[in-house]
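Visitor: Residue-level listing of the chains:
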Amino acid sequence: MSVMGATTLVQTELFQQLLDSDEGELSTVCYRPEGLDRLVQQTKFSKKELQVLYRGFKNECPSGVVNEETFKNIYSQFFPQGDSSMYAHFLFEAFDTHNNGSVSFEDFVISLSIILRGSITDKLNWAFNLYDLNKDGCITREEMTDIMHSIYDMMGKYTYPSMKDSAPMDHVDSFFQKMDKNNDGVVTIEEFLETCQKDENIMQSMHMFDNVI
Amino acid sequence: MAAGVAAWLPFARAAAIGWMPVASTPMPIPPQDKRKAQDGLIILNVSGTKFQTWRNTLERYPDTLLGSTERDFFFHEETNEYFFDRDPDIFRHILNFYRTGKLHYPRQECISAYDEELAFFGIIPEIIGDCCYEEYKDRRRENAERLQDDEEMDMNNDVTPVNLTFREYLWRAFENPHTSTLALVFYYVTGFFIAISVMANVVETVPCGTLPNRSKEISCGDRYALAFFCLDTACVMIFTVEYLLRLIAAPSRYKFMKSVMSVIDVVAIMPYYIGLVMTDNDQVSGAFVTLRVFRVFRIFKFSRHSAGLRILGYTLKSCASELGFLLFSLTMAIIIFATVMFYAEKGSTASKFTSIPAAFWYTIVTMTTLGYGDMVPKTIVGKVFGSICSLSGVLVIALPVPVIVSNFSRIYHQSQRAEKRRAQRKTRLARIRAAKIRGTNAYMRYKQNGLLIDSLEEASKEAGQALVGKAASPPFESQHHHLLHCLEKTTNHEFVDEQTFQANCMEISVMNKSGSRASSLSSSPHGLSSCCSRRHRKKSSFSLPSTNNQELSTIQIRERPVVNSRSSLNAKLDETVPLKCDEPYITPSMVSLSAPVVTSSDGDSSTTTTAYSQSNIVRVSAL
Numbered sequence: 001m002s003v004m005g006a007t008t009l010v011q012t013e014l015f016q017q018l019l020d021s022d023e024g025e026l027s028t029v030c031y032r033p034e035g036l037d038r039l040v041q042q043t044k045f046s047k048k049e050l051q052v053l054y055r056g057f058k059n060e061c062p063s064g065v066v067n068e069e070t071f072k073n074i075y076s077q078f079f080p081q082g083d084s085s086m087y088a089h090f091l092f093e094a095f096d097t098h099n100n101g102s103v104s105f106e107d108f109v110i111s112l113s114i115i116l117r118g119s120i121t122d123k124l125n126w127a128f129n130l131y132d133l134n135k136d137g138c139i140t141r142e143e144m145t146d147i148m149h150s151i152y153d154m155m156g157k158y159t160y161p162s163m164k165d166s167a168p169m170d171h172v173d174s175f176f177q178k179m180d181k182n183n184d185g186v187v188t189i190e191e192f193l194e195t196c197q198k199d200e201n202i203m204q205s206m207h208m209f210d211n212v213i
Numbered sequence: 001m002a003a004g005v006a007a008w009l010p011f012a013r014a015a016a017i018g019w020m021p022v023a024s025t026p027m028p029i030p031p032q033d034k035r036k037a038q039d040g041l042i043i044l045n046v047s048g049t050k051f052q053t054w055r056n057t058l059e060r061y062p063d064t065l066l067g068s069t070e071r072d073f074f075f076h077e078e079t080n081e082y083f084f085d086r087d088p089d090i091f092r093h094i095l096n097f098y099r100t101g102k103l104h105y106p107r108q109e110c111i112s113a114y115d116e117e118l119a120f121f122g123i124i125p126e127i128i129g130d131c132c133y134e135e136y137k138d139r140r141r142e143n144a145e146r147l148q149d150d151e152e153m154d155m156n157n158d159v160t161p162v163n164l165t166f167r168e169y170l171w172r173a174f175e176n177p178h179t180s181t182l183a184l185v186f187y188y189v190t191g192f193f194i195a196i197s198v199m200a201n202v203v204e205t206v207p208c209g210t211l212p213n214r215s216k217e218i219s220c221g222d223r224y225a226l227a228f229f230c231l232d233t234a235c236v237m238i239f240t241v242e243y244l245l246r247l248i249a250a251p252s253r254y255k256f257m258k259s260v261m262s263v264i265d266v267v268a269i270m271p272y273y274i275g276l277v278m279t280d281n282d283q284v285s286g287a288f289v290t291l292r293v294f295r296v297f298r299i300f301k302f303s304r305h306s307a308g309l310r311i312l313g314y315t316l317k318s319c320a321s322e323l324g325f326l327l328f329s330l331t332m333a334i335i336i337f338a339t340v341m342f343y344a345e346k347g348s349t350a351s352k353f354t355s356i357p358a359a360f361w362y363t364i365v366t367m368t369t370l371g372y373g374d375m376v377p378k379t380i381v382g383k384v385f386g387s388i389c390s391l392s393g394v395l396v397i398a399l400p401v402p403v404i405v406s407n408f409s410r411i412y413h414q415s416q417r418a419e420k421r422r423a424q425r426k427t428r429l430a431r432i433r434a435a436k437i438r439g440t441n442a443y444m445r446y447k448q449n450g451l452l453i454d455s456l457e458e459a460s461k462e463a464g465q466a467l468v469g470k471a472a473s474p475p476f477e478s479q480h481h482h483l484l485h486c487l488e489k490t491t492n493h494e495f496v497d498e499q500t501f502q503a504n505c506m507e508i509s510v511m512n513k514s515g516s517r518a519s520s521l522s523s524s525p526h527g528l529s530s531c532c533s534r535r536h537r538k539k540s541s542f543s544l545p546s547t548n549n550q551e552l553s554t555i556q557i558r559e560r561p562v563v564n565s566r567s568s569l570n571a572k573l574d575e576t577v578p579l580k581c582d583e584p585y586i587t588p589s590m591v592s593l594s595a596p597v598v599t600s601s602d603g604d605s606s607t608t609t610t611a612y613s614q615s616n617i618v619r620v621s622a623l
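Here the protein sequences come in this chain order: Y and D.
At position 58 of the first sequence (counting the first as 1) the number is 58 in UniProt numbering, and the numbers step up by one without a gap.
At position 306 of the second sequence (counting the first as 1) the number is 306 in UniProt numbering, and the numbers step up by one without a gap.
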């Protein structure tokens, strides 16, 4: 997805001149995505699927962009028992490809296209991108620990068997044991891809959400 | 989970890809999305206003009418839409609920209409969003109060049922003085005596001039001791009799004795009896004198006579927490300031602030801005704190008072509304009665027309001519009347109007009197003298299904055990069957246009007529 769809800022300049001093930031910005056809080209979704996706998107985010707060809010509604804010934060970082603090519909749909309709390599790349918090090409232990904590936080307090504090750490250890071939304390993209492609479970689960839309 | 967020579920599932590489166990199999239903548009035609929405939107809530297969009943094939014959304005809100997941209550809509629509579409009102929930609950409560008021009014109608026992009659007379003249007289007499008693207590203590051999002024009470004693005795006797009567008449004596008014009554008359019992024993006479203070409680007996006083009492009760807070904060402030003043004035000579409790008096007088001046601070520090004390007093007292006032105002307005409703009730009843009479007359006319047509038909059949039947009334009404006619034929009874019935009643009563029959039909002691007076008694067994019918049928059936009436009737089969004048069965009104009434009047007529099924044609009471 090298072509980053340019979101047309419809009359944003005008808006900002009119409303700059008074309104908050969100109300001056109103993104409208590029045409449907262009999106169909850029992603692997059909026209109908994009329509359904956009309707849901616009319902929750009438301004056309999602900011992190809304993102966290929406995601937390699916996990009422636990605290999903950290994981949602990491997800947001992964979706926000332009790093401008907001996710437009294009970004959203392009990322979804990768996750749901991309090749295995693309999917694994995306997952690696998610784990690599500082985007430096390798996953350190600290990064992995953060990710693991955020996943375990979503479980909440009431689990069976009850959550031990060391559970995330143990999981991180096993992850590094599996992935880190040269034992240098970090997992690079090559190590990651190699290990995952050899693991049958992971391969199978990657295909699980192909029919989500 | 809000319905709108359901659209993001695919995203949430996609985001789960982040868990896959770290998971060490295989994932469960995803559910098969069997129905890849095409998301189509549905047209909802509500009384001509067309609404359209996606099928998926409606199916978010499958346990409502629109979300389930129940809507198929409303499918209109010619136009390929779902047609609902309901209010489009309210439907708008219902459809919004599907779209946004939040149900709102529009303020300008009537609460009953709204509730009906919700019930029709299978939506529980409890899911109304927080923004509108308070308003909805308030309106609902008001509506319920209004209905309850109306029910109570039905209970307290101005015509007394004869068959109350003496006890119930007495209780009724006490609770509602307007029910009979005797009760009203009693009411005024007791009021008068309360006033007399209170005034006597007051005048007793007024100095009445000196006796010749004494220098001290003597009070009127001592001077005319006998007169006052007689007056007191008379008042107390009246009060005692009243209390005993109330105790006898009370339906639940224990509850009555617990009630506030009865306690006041007892406290008002107790001192007298205790005084009688205790003779001139000097040791206890001191205590006895204090008991006389309780005689002032007689003034509270006035609260039975004044609604305003009751409202005040009720307000104070309902503001108990605010009053408690007021008291608590005052106590705190008093203690603080008294302590401060005591220590401030400790240094000054001949200070009146001898102790902290002594300083309490100063603090209270200052905080309530009374300022008697019997205790004043003399040191500068004392004066400074004294001024702070008076300033703070104003604040502390001013704060809870508006709450109490607003409570009082709310309760007062509520009672005013109740009064207004009661006043309007009379006109409403008159309107209902007029409608009833119209219905009856329409039916009479129909029957006349029918008979006319029948006879004409026969005549024309003989003459061999076709007759054009003139149906003056609309088809619905004519069918209704035909139905009633069929019922008449079935039961061998006829419907008559009020005047005819009363006329017949009179005739029968005359006949019976001359006939000198033991009136076994009158099982009530009042017999025929109260013939044809309408009896009202609410029978819950005959509660009509919808509340607006209840409104209409204010004159309700009094249900007699059918066995009784039938047996007593059977005894009379061989004579001209008299009307059961003392038990008129008055059927609810046949308000012509509302469909539900058809069934209810049917039901009424049948209960009426089952009692008479074995008799000849007896004119029963009017529609």
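Some hints here could point you the wrong way.
[Claimed, not checked] Once the Cα atoms are required to be at most 25 Å apart in a straight line, the calculated PhoX-like pairs of lysine-lysine come out as:
#1 Lys47/Y to Lys58/Y
#2 Lys137/D to Lys72/Y
#3 Lys378/D to Lys352/D
#4 Lys50/D to Lys58/Y
#5 Lys137/D to Lys420/D
#6 Lys58/Y to Lys258/D
#7 Lys58/Y to Lys44/Y
#8 Lys258/D to Lys317/D
#9 Lys178/Y to Lys198/Y
[Said to hold, decoys possible] For each label pair, taking beta carbons as the anchor points, the in silico distance ranges come out as:
#10 Lys157/Y to Leu323/D: 40 to 46 Å
#11 Ile189/Y to Arg107/D: 58 to 64 Å
#12 Glu34/Y to Val403/D: 58 to 64 Å
#13 Gly122/D to Asp122/Y: 43 to 49 Å
[What the hints assert, rightly or not] Some chain Y residues flagged as far from chain D (calculated, every beta-carbon gap over 12 Å):
#14 Arg32
#15 Lys48
#16 Gly56
#17 Gly64
#18 Leu91
#19 Ala94
#20 Asn129
#21 Ser150
#22 Tyr158
#23 Asn183
#24 Val187
#25 Glu200
It should be emphasised that the hints constitute simulated quantities derived from the structure, not laboratory data.
Glycine residues also receive a C-beta, built at the ideal position from the N, C-alpha and C atoms.
Visitor: If a hint holds in the structure, say so; if it does not, say that too.
Guide: Evaluation of the provided hints:
1. Lys47/Y to Lys58/Y: Roughly 16 Å separates the two Cα atoms, so the pair holds.
2. Lys137/D to Lys72/Y: violated (33 Å)
3. Lys378/D to Lys352/D: Given that 25 Å is the threshold and the Cα spacing comes to 10 Å, the pair holds.
4. Lys50/D to Lys58/Y: Cα-Cα ~24 Å, so holds.
5. Lys137/D to Lys420/D: Distance ~23 Å between Lys137/D and Lys420/D Cα, so the pair holds.
6. Lys58/Y to Lys258/D: violated (64 Å)
7. Lys58/Y to Lys44/Y: Distance of about 20 Å is within 25 Å: holds.
8. Lys258/D to Lys317/D: Holds - the C-alpha atoms of Lys317/D and Lys258/D are around 16 Å apart, at most 25 Å.
9. Lys178/Y to Lys198/Y: OK: Lys178/Y and Lys198/Y at ~11 Å, within 25 Å.
10. Lys157/Y to Leu323/D: 40 to 46 Å: holds (44 Å)
11. Ile189/Y to Arg107/D: 58 to 64 Å: Given a distance of about 60 Å, which is inside 58 to 64 Å, the answer is holds.
12. Glu34/Y to Val403/D: 58 to 64 Å: holds (60 Å)
13. Gly122/D to Asp122/Y: 43 to 49 Å: holds (46 Å)
14. Arg32: holds (19 Å)
15. Lys48: Given that some Cβ of chain D is not farther than 12 Å from that of Lys48/Y, nearest at about 8 Å, it is violated.
16. Gly56: The claim breaks: Gly56/Y does not keep its Cβ more than 12 Å from every Cβ of chain D (closest is about 2 Å).
17. Gly64: holds (15 Å)
18. Leu91: Leu91/Y is in fact no farther than 12 Å from some Cβ atom of chain D, at 5 Å.
19. Ala94: violated (8 Å)
20. Asn129: violated (10 Å)
21. Ser150: violated (9 Å)
22. Tyr158: holds (19 Å)
23. Asn183: holds (19 Å)
24. Val187: violated (10 Å)
25. Glu200: Its Cβ does come within 12 Å of chain D, the nearest being 8 Å, so this is violated.
Violated hints for the displayed structure, listed by number in ascending order: 2, 6, 15, 16, 18, 19, 20, 21, 24 and 25.
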